[in-house]
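Student: Everything in the sequence shown is counted per the numbering used here, starting at 1 for the first residue and increasing by one.
Because the hints were derived from the structure by calculation, they are not lab data.
None of the hints are false.
For lysine-lysine, the following DSS-like pairs were computed, each having C-alpha atoms within a straight-line distance of at most 25 Å:
1) Lys9 x Lys90
2) Lys83 x Lys178
3) Lys90 x Lys22
4) Lys83 x Lys22
Pair by pair, the computed Cβ-Cβ distance ranges are:
5) Arg224 x Leu40: 18 to 28 Å
6) Leu40 x Leu171: 35 to 45 Å
7) Leu68 x Glu119: 37 to 47 Å
8) Glu46 x Gly260: 50 to 60 Å
9) Thr54 x Ser8: 18 to 28 Å
Note that the Cβ used here is the ideal one computed from N, Cα and C, for glycine as well.
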Amino acid sequence: MRPLPELSKLREYYASFLRLQKGLSRHTVEAYGFDLDKLLDYAETEGVGIAEITYDHLQSFLADLHDLGISTTSQARIVSGIKSFFHFLKLETFIEEDPTFLLQTPRKGRRLPEVLSVEEIDAMIDCVNLEDPLGRRNRAMIETLYGCGLRVSELVDMQLSQLFLDEGYILVRGKGDKERIVPVSPLAARLVTEYIATDRGDVAPAPPDRNTLFLNRRGRRLTRQMVFIIIRDLAALAGIRKRISPHTLRHSFATHLLEGGANLRAIQQMLGHESIATTEIYLHLDSSTLREQILTHHPRNLRPR
Numbered sequence: 001m002r003p004l005p006e007l008s009k010l011r012e013y014y015a016s017f018l019r020l021q022k023g024l025s026r027h028t029v030e031a032y033g034f035d036l037d038k039l040l041d042y043a044e045t046e047g048v049g050i051a052e053i054t055y056d057h058l059q060s061f062l063a064d065l066h067d068l069g070i071s072t073t074s075q076a077r078i079v080s081g082i083k084s085f086f087h088f089l090k091l092e093t094f095i096e097e098d099p100t101f102l103l104q105t106p107r108k109g110r111r112l113p114e115v116l117s118v119e120e121i122d123a124m125i126d127c128v129n130l131e132d133p134l135g136r137r138n139r140a141m142i143e144t145l146y147g148c149g150l151r152v153s154e155l156v157d158m159q160l161s162q163l164f165l166d167e168g169y170i171l172v173r174g175k176g177d178k179e180r181i182v183p184v185s186p187l188a189a190r191l192v193t194e195y196i197a198t199d200r201g202d203v204a205p206a207p208p209d210r211n212t213l214f215l216n217r218r219g220r221r222l223t224r225q226m227v228f229i230i231i232r233d234l235a236a237l238a239g240i241r242k243r244i245s246p247h248t249l250r251h252s253f254a255t256h257l258l259e260g261g262a263n264l265r266a267i268q269q270m271l272g273h274e275s276i277a278t279t280e281i282y283l284h285l286d287s288s289t290l291r292e293q294i295l296t297h298h299p300r301n302l303r304p305r
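Work out the full structure: start from the sequences and follow the hints.
Tutor: As C-alpha cells, this is what we get:
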C-alpha cells in the first residue's frame, strides 16, 4: 500500500482524477470537494484518519446528515461524491478495502419541479427595463436560457466562439465538457446579436473573460448567483409567488416542448441528458393537460360510437 500524502496534496490528486479520468466539469469537481469536506469534518470530530474510516463511520455520518435536516437529494449527492473518493483511494492503492462498497444511496422521492407557464415567463420578460444596458443584457440572457433550455452554468460559461447565430444554433458545453448542438430561436439570436453589437461592446472585458458572452459592469463573467438574483427579482416584479431559480426556466422549456408535441428523444438531446429516464423526471404534465392529450390523440377516443 502507498502511504497517504498530506491532505492538500491528496485533494489536488483527487481533483485531477475527477477532471482527467472522469471528465467532470469544474463545477462538479468543486461540488465533490465541498461534499468531501463534510466527511472530513466528521472524521476529525470522531478522531479517525481517512484510511481508518469504516462502513460504520459512514453510516453514522449519514445519520448525522439526516438529523441535521439535509434533504434526501443532497444526501444522495454526498454519498455519490464519497463513493467516488474512496474508489479513487483504492484505485491508487492508498487503501486496501473500500468502506463504501455496501453503502446504499438514500432513495430519492419523485419530486416534480416547479414550472412556469408561457404567460408567466412573458410577464417576467415584460418587467425587464430595456432603458438600462443591463436590462437589454438580461432580456437576451433570459431568452437564451429559456429558449435553449440551458443549465445556468452553461449560460455563464457561454463563449462567443460557441455562437452560430446566422445558422440558427449554439454549441453548448455541458456536464463533463460534453458538447451538444441546440437550436436558437430567431428572437433570441436577434437579441444576443444586438447585445454583442451595443451594450457588450461598451464594456471592456477582463482578460480571462475576453471571449465570454454575458458580462457584468466590470467586464467579468456573470456568476450563477447573479443570474439567480436576476431571475428571482424579475419573478417578484411580475407578481409570481412560486419558488423559482434559473433551473425553473430549463424545466419550463422542456415541459412546454413536450406539451407542444416534441419528441422526448429530441428533448433529451437538447437538454444534454445521458439517460432518457432523467428527461422523464424533468418533464411532467398536469392532470388536465394529460387528460386532454389522451382524449385528443388516443385511437379509441377518435373512433365514432
